[in-house]
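Undergrad: Listed below are the residues making up each chain.
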Amino acid sequence: MRSRRLLLWLYLVFLVTILAQAGWWLVYLRREGEHYLNYQIQRLQTDQLHAAYLLRSVPEFQADPEGALAPHFPDLVFKRTASGLDIQVDPRAEAAIRSEASRRRRMFLWEGGFFLTLLLAGASMVYVAYRREQAFRRSRELFLAGVTHEFKTPLASLSLYGETLERPELAEAQRAKILLHMGDDLRRLRQMVEQVLAVSRAESPTALRPVDLDPASLARQVLADLAPLFAREGALLTSELPAGEWVRADEPALATALRNLLLNAIHYSPPPARVTLSLNREGREGRWLRLAVRDEGPGIPRREQKRIFQSFYRVGEAGRRPAGIHGSGLGLYLVKRNLEAMGGRVELVSSPGAGATFSLLLPAARKEGD
Amino acid sequence: MATKKRILVVEDEEHLAEGLRINLELEGYEPVLAASAEEAWRLWQRSRADLILLDVMLPGMDGFEFCGLLREKGERVPILFLTARDRDEDRVRGLEEGGDDYLIKPFNLRELLARVKGLFRREDWVRSKPPVSLLRFGAREVDLLAFALRGPEGETRLKEKEAMILRLLAERAGEALDRETIIDRIWGYDAYPSTRTVDNFILGLRKLIEPDPAKPRYLLTVHGKGYRLLLEEAE
Chain E
1 MRSRRLLLWL YLVFLVTILA QAGWWLVYLR REGEHYLNYQ IQRLQTDQLH
51 AAYLLRSVPE FQADPEGALA PHFPDLVFKR TASGLDIQVD PRAEAAIRSE
101 ASRRRRMFLW EGGFFLTLLL AGASMVYVAY RREQAFRRSR ELFLAGVTHE
151 FKTPLASLSL YGETLERPEL AEAQRAKILL HMGDDLRRLR QMVEQVLAVS
201 RAESPTALRP VDLDPASLAR QVLADLAPLF AREGALLTSE LPAGEWVRAD
251 EPALATALRN LLLNAIHYSP PPARVTLSLN REGREGRWLR LAVRDEGPGI
301 PRREQKRIFQ SFYRVGEAGR RPAGIHGSGL GLYLVKRNLE AMGGRVELVS
351 SPGAGATFSL LLPAARKEGD
Chain G
1001 MATKKRILVV EDEEHLAEGL RINLELEGYE PVLAASAEEA WRLWQRSRAD
1051 LILLDVMLPG MDGFEFCGLL REKGERVPIL FLTARDRDED RVRGLEEGGD
1101 DYLIKPFNLR ELLARVKGLF RREDWVRSKP PVSLLRFGAR EVDLLAFALR
1151 GPEGETRLKE KEAMILRLLA ERAGEALDRE TIIDRIWGYD AYPSTRTVDN
1201 FILGLRKLIE PDPAKPRYLL TVHGKGYRLL LEEAE
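Residue numbers (our numbering), protein chains in the order written: chain E, 1 to 370; chain G, 1001 to 1235.
One chain only, chain G, in its complex shape (with noise of 0.2 angstroms):
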């Protein structure tokens, strides 16, 4: 039998984390729950999560500045806030931090294990070995396994979202994707102001990938659709 995912809940209303316990019990998860940031960081060392639900709100140290500290350690662990704040900048600030999903309260019950059943099929083709693990641009190329970008001017490391990012484009070469397809897969969002992060992300990996930036060869714009990356062949 296959060991139990566990979900680490950190959330103060005991109402609230009660009922998540109850249910993602009853989904066959195995949850863990902490009433504030300092007790999950507590839990988090003695054993790892395979996800984490994130109130923002919380006693001491927010969901954002938790959420920050795992990144900052490396942790990637995908994270799922679940929060009565529902400002865009918000919302912003989450994904900024390292966030992979946004819920707001009062949420839908059966939306809320759609979203951890998304995100675990993410975390799943994330985990799994790409097709094509070594990307060629030029004289650059990414590794898609080691999260580097080897060039002329030496070795740096992607950003798990960018890494993540050029393995969908790479994964469909050829062929032009949507923006709320790239968040979807990537994110999960359906939030509307994020479509503009993947616009910035394209931009950061052409400054990368391109021997010139402005004038993209490989990651390419395609005029209201979206964006389509080109590959060398490979030897």
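Just chain E, with the same shape it has in the complex (with noise of 0.2 angstroms):
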């Protein structure tokens, strides 16, 4: 921690030292431009005085003057008079050095200029590639501390309850309690461990191989799969899936996904849960299937509806959660995961009170014989 502070200092002072840098030298540049013209022009003055001297006092040149000093001073003209020869600066010269002491001066402040975006883009790159860094690594943390968090604490009651086994005074039916505990303890390992392994297959895109497959019967799985669960838990299901849609996903990914929805739409209900299941096709020509899981649990408050797709957002920073619910802190993550990597998206819709509507949204697919 301190060491990052450290290296932030260190590039700010950096970076005030190359502006400051850079400041100085537009400023020593623009006084060296003044320099260069004042030089010039003095210079033609000092020729103008000394083609006058020499026509004062060099008897020669007095019969030809011009012929014998334009060669010599071509930067200077000069004008018979009625009272002698005139000599002037020959404005044309002067303004050229004019102009080439503005262009100059342009030259200088355009490349000043770009330089100075290039190294300030060049800095700001930096520093954004450091903080989405720090951030990931930040993220990482936090995950790696969550799933510490979550498999520490099912093994830390299985050996309680392991070296609880082991005591002779211990009662019959408290033997039993403890027995079946373990069992409960035990499948939130295996859940945990399995929730894991798919957020790394996540995390991996590369890893989902989408193929044409029919929405309708791969939640018609999944339900025959959660059928005990909903059966225990007394939840009433509802589905609605007509047959014939298609739509390009990974199957397990898509699985796992709704899984993931229907597990939370029983947990997070008062039971008896009551469960609707539902797949439409919508919007322009239908190019998208919705398959919407709805509760009619307690419903999630606005402010929480981005926060729990995040990973452990349960657990949180503080180390905070609400009371009794067991998941893994990664169902959500791995639905959005899941669907994005799919091009799909998650939607929720949900006030507290009124339960919530979960939505795996999936680009469709052409039906078969289309």
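In short, the hints are calculated from the structure, not lab data.
Be careful, since some hints might not be right.
Computed list of lysine to any residue pairs in SDA-like fashion (alpha-carbon distance at most 20 angstroms, straight line) [to be verified]:
(1) E:Lys-152 - G:Glu-1111
(2) E:Lys-152 - G:Phe-1107
(3) G:Lys-1117 - E:Arg-167
(4) E:Lys-152 - G:Asp-1088
(5) E:Lys-306 - E:Ser-351
Assemble the dimeric complex from its two separately framed chains, guided by the hints.
TA: Below you can see the structure in the form of structure tokens.
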């Protein structure tokens, strides 16, 4: 933490130094430009004086002053007047010098501006990359901390129960209860292992193998797998799954997403949970398929709706979570990752007290025979 | 028959709490379960416990905050943290909030029970009457019963741990005690980084009792060993 701060400070000092140097460089070049202009103008004035002096002091020049002096002083003009020879600085020569000076000034400003912009762009890119890397590392740390906690909790209770079972003075009823709890803990651990493996699959999209599949039959398969749980919890399920629809999706990824939504619908509803599963086409020309899971639970407050898709949101950064819920903290995160990896998205419509509807939206594939 | 020692178990994981309850009962304690710090606080106000087993990650107020709250209210009940968080910062935080011991999940049942016993033993030692209750350091004196320091500047209250360290050193006056022994008797921690904590407490104590803390006359460092307390002859 401290070294990161130090690095940021050093970077800031470096940036300020570079900017100060670039600023000073511009000021310096501008001053040099002014020197150049003054020097050239002075040179013309010196030429003018020098020519006048030669004319006065060298008798040979007086016969043909123009012919003798003009080749030596190309930037002067010689005009004959009534009082003699008038020597003037050629206005074209002065204009040429002034235009050269302003050309140089423009050049320095452009170049300076360009390099400064380049420098700032580079510096901000480095900064953005650094921040992104920090955020990534932080989310990894939180993820790891969450995984560790979720593994350790059932492990701790299993290990405690294991040692407790060794106590001879334990009553038979207690022993039976402990064995029941151990079964739950093992299930929880197994579920956690599966979810973590699913996350690592979801995080490498190349592992996904999208195929054209019938979402209704996949949904029926998932429902069949969950039927014992629905029965145990006394949950009531209604489903509308019209046949003949096709989506392009990875089968295990879609099945995981749907299973997680159904499990949440049961776990977060007061028993008996009422869950509705439906499948519809929608969008222009029916380009999307919506697989929706609706529950009649307590609903999700608006401010929580985005955050629940983060991994271990329940656990949270401050280590707070609602009582009595034993999910892996990865379920909705996986739903979102999986859907996005397949070119789809998740939608949530909910308000407190009015239940929640989670929808999986996937691009519809051509119907067979289309 | 002696009354059973009451242990407040603050743990939101139902299975773990249940396992703890069964074992504590089998050991002859009276466990009381709370699933959150708020519930624990309500239970605590209704009837005090002799020891608290405290989880850190709790819904609502966390375990560190709850421990801090109890200490703020002047409650001196021994607190043993039970947590999956095993980073050094967490151990140090637990110590700073006034925790007495720290056990990482998954833990060994025998170790937990041994630590609970150890905390009760320490508690008995703290509550017992010290053999010498008045320690004299020049113009200052420490009253181990009142946790008070009296001197030319008036009276100051000593922190519990400060008083306990002084009492431990005084009970074995003249003998050098190493940091691990001090930690073991005062906190019961087996965590390594906390040996520094002893040094910090000693520095704090020197400021209180020494006329010149930079040149200690009473609370001496024994190089390569630990610390030693020299007492003036009581009158």
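Undergrad: Taking the hints in turn, state whether each one holds.
TA: Status of each hint after checking the structure:
Proposed proximity of Lys-152 (chain E) and Glu-1111 (chain G) is supported: the alpha carbons are some 17 angstroms apart, at most 20 angstroms. Straight-line distance between C-alpha atoms of Lys-152 (chain E) and Phe-1107 (chain G) comes to about 10 angstroms, which keeps the hinted pair within the 20 angstroms bound. For the suggested pair Lys-1117 (chain G) and Arg-167 (chain E), the alpha carbons sit about 18 angstroms apart, so the restraint of at most 20 angstroms is met. Straight-line distance between C-alpha atoms of Lys-152 (chain E) and Asp-1088 (chain G) comes to about 17 angstroms, which keeps the hinted pair within the 20 angstroms bound.
Restraint check for Lys-306 (chain E) and Ser-351 (chain E): the C-alpha separation of about 13 angstroms stays at or below 20 angstroms, so the hint holds.
The structure fails none of the hints (numbered hints given earlier).
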